[in-house]
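Please arrange chain B on chain A, whose structure you already have, making use of the hints.
Sequence lines, in order, name chains A and B.
Our numbering numbers the first residue of the first sequence as 1256 and each following residue consecutively.
Our numbering numbers the first residue of the second sequence as 1256 and each following residue consecutively.
Among the hints, a few may not be true.
Note: identical chains are not told apart, hence a pair may lie in one copy or across any two.
Mimicking DSS-like on lysine-lysine, the simulated pairs with C-alpha atoms at most 27 Å apart in a straight line are [what the hints assert, rightly or not]: (1) Lys-1278 with Lys-1466; (2) Lys-1554 with Lys-1498; (3) Lys-1278 with Lys-1544; (4) Lys-1651 with Lys-1586.
Hints in this document: simulated from the structure, not taken from any laboratory.
Remember, it's a predicted structure, so these values are computed and weren't measured experimentally.
Number of protein chains: 2
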Amino acid sequence: MLNTEFIAKLREIVGKEHVETDKADLICYSYDATQRKFLPDVVVHPGTPQEISRIMQLVNEHKIPVFPRGAGSGFTGGSLPTKGGMVLVMTRLDRILEIDEENLVATVEPGVVTEQFQQAVEKVGLFYPPDPASLKFSTLGGNVAECAGGPRCVKYGVTKDYILGLEVVTPTGDIIKTGGQTMKGVVGYDLTKLMCGSEGTLAVITKIIIKLLPLPEAKKTMLILFDSIDGAAQAVSAIIRGKIIPTTLEFMDGRTIDCVRQATDLQVPDDAQAVLIIEVDGDREFLAKQVGKISEIIKPLGVVETRVAETPEESEALWQIRRSVSASLRKVNPDKFNEDICVPRSKVPEMIRKIDVIADRYDVPIVNFGHAGDGNIHVNVMIDSKIPGEQEKADKAIKEVFREALALGGTMSGEHGVGIMKAPFISMELTKTAIDYMKTIKKALDPNNILNPGKIFPSD
Amino acid sequence: MLNTEFIAKLREIVGKEHVETDKADLICYSYDATQRKFLPDVVVHPGTPQEISRIMQLVNEHKIPVFPRGAGSGFTGGSLPTKGGMVLVMTRLDRILEIDEENLVATVEPGVVTEQFQQAVEKVGLFYPPDPASLKFSTLGGNVAECAGGPRCVKYGVTKDYILGLEVVTPTGDIIKTGGQTMKGVVGYDLTKLMCGSEGTLAVITKIIIKLLPLPEAKKTMLILFDSIDGAAQAVSAIIRGKIIPTTLEFMDGRTIDCVRQATDLQVPDDAQAVLIIEVDGDREFLAKQVGKISEIIKPLGVVETRVAETPEESEALWQIRRSVSASLRKVNPDKFNEDICVPRSKVPEMIRKIDVIADRYDVPIVNFGHAGDGNIHVNVMIDSKIPGEQEKADKAIKEVFREALALGGTMSGEHGVGIMKAPFISMELTKTAIDYMKTIKKALDPNNILNPGKIFPSD
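The shape of chain A in the complex, shown without the other chains (with noise of 0.2 Å):
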């Protein structure tokens, strides 16, 4: 419990009305996409860098840990108070400050969400790629904490390439201009990418400048059906030495196509084993002539059927087959861990392999899809976790996959951060000295650990 001292103080810095204490209000502060849960003492909503200044100055008089949050809906725990202690809500700082138009360059605060900023510069002709799947309702403060990826990467990168600067609040209180509005800058150390995907551990993140890009004139998706995985995976390396860079290239493979024909009845042919969804986006004309190529790349390997779309409408009906797959899922099974290993492109076929491998000896449900075009793929471990001995082994299966993926010279997280899930494997990742340097910089930012403490880092 915290004294009432503190709590008076905060009301004091940012109004009572924004300092909750009940604990109804603090459960919904508790848990995230992992659904663990976490009780915070108090949550705060705070309203400005300055007031949120104050509230580090504070918290580190106290010794109260501070978790910073935007839509918790992270899929790592890097949102959840794990040591109680104070929720920071960034939602009330939700103001699009700026749309530079002329230098393609937006000015936004942390709480904007991410679907919502896209729209604002779609509206003007301008285009923010990274597409997290939860961008109807995930803010671009998370985004930018945890690095946030997408479809869309394959094409044009994720969340840090387009963070140019960020106004921060440090961990003992200093508010810190980071990076700026240019296109480049190389004034002392790049703060703002050390930032991008340190999960709330290094700072307080209060403004974002995000460099935009002209939005393309058109685009057009095609669904492609394999006999094989190795077919789908040969044909997404061929497009990319075909100097074509499709805006995304999704695959699903088997086991996936298998949940969607139980679960829907949208038209998947039998001998179908892996689906790619490809989009091309860029000048129109081009467009008929990149799809032609396409078809031409891919047409020794395996294909069982190819569908274009000739219309929005029909762009949609092709998403449809990728968009039911986690409706599909929760039928197979109640509880999925959705990890997000990462490996170099070729190797898909044999970590997909290595995966089919891993669930039948622990006999639990892995179907896997996801970004094909940067070898990040969603591994989806499908239990009920209610049945005993069911968790035990998706955590054993989970962690041979992370096994696999370095072996094969990947990472076990392409988008989703290392959080509290991951924590415990990170040394499997990553040597005891570089480790040791991370928590040096760490340490010397933060020497009270008061800022999202036991994230990232397997202990403290």
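Same frame as chain A, but now just chain B:
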């Protein structure tokens, strides 16, 4: 002077022939492109990361500063041994270890020369875009340490955007790997990007994992003469808003054109007050369409003449005007201070006008050219430093250029870094708290301040 025991240990680590202490040899490593000179006490040419690790342990014991060095082509003194001590020459580590054509990833040692790497990957149909002007001799390790740019960055981004992972030796002698071979990865802090542009102050780079692109099918060059710098600047914005991001968008201002007119017999009409050199790349067929569209877009903006190259030879001829600049400037005055401010793209004409005022006020010739597409202006202050008072005038003019760039939302360095040349000025751009945050990182990782001390920060 270093003690003989220390030198003996060094010889033991790297081999006798790789340690130089003769003054004649030391002089060779005492300068860089800034023409400043600082004599080291010893020059060491290590051959492996393990040797570098042992060297770092040794210098920490003896508190000898170490200055890593690639080709010494930097413009801000990043590799200068300003405090004597050891120059660590990285050029023996010069192997291209792998070009993974399937995954578009290469692994190299830091001593590989930029252009040689570009040629090697182009031979197999791949592409490494960053193209600093020094690419014929600069090394990739130096490019990463300074986060080098170049004309193609407007479309393709800077060095940092291509670095997926590193192997580095820390200031205390640990060998660590950062990032990896995958396109995405969010496990732990992004040390890779933190190293990029940290100017050799945080670690010694021993291996670089580089993302490649498919080599564009073709390119097309246009040279356009405008009757005003405003017309040229408006053209830059209009082209990008027209959804065309050219490979390069280089400009030269009126004063630069005057120098070229005076020093060469290249044909430049009298009413041309600004030049844009625009290159587009990609699909051959599509390029003709883009050139047509660019011509259409720029038509109302005061075009004096448009020249389009149809062959590589004609393209080379168009670039002659740009390539003749350095030699032309030298005829104006022997000493050139080449700064590289960067402002938001739309502010380029305003910045040029402000620079013209500064040039008049201090009575020093200042000519401007550079990367208009990303607002990165090379501001060349031309003096004869043998004339008393000239250096002082140049110093004052440069400081005012920085001030005006910052007032327009810019930075004092887009691609050259800080080194020693801009270190006295960085508090104009960064607040004390931001500098302190960076210095805290440096101090934590390099407790003895042994690795490239005296760089970036105004005083240690």
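Hint check results:
no. : hint                   : result
1   : Lys-1278 with Lys-1466 : neither (41 Å within a copy, 50 Å between copies)
2   : Lys-1554 with Lys-1498 : within (17 Å within a copy, 32 Å between copies)
3   : Lys-1278 with Lys-1544 : neither (60 Å within a copy, 64 Å between copies)
4   : Lys-1651 with Lys-1586 : within (23 Å within a copy, 72 Å between copies)
Of the numbered hints listed earlier, those contradicted by the structure are 1 and 3.
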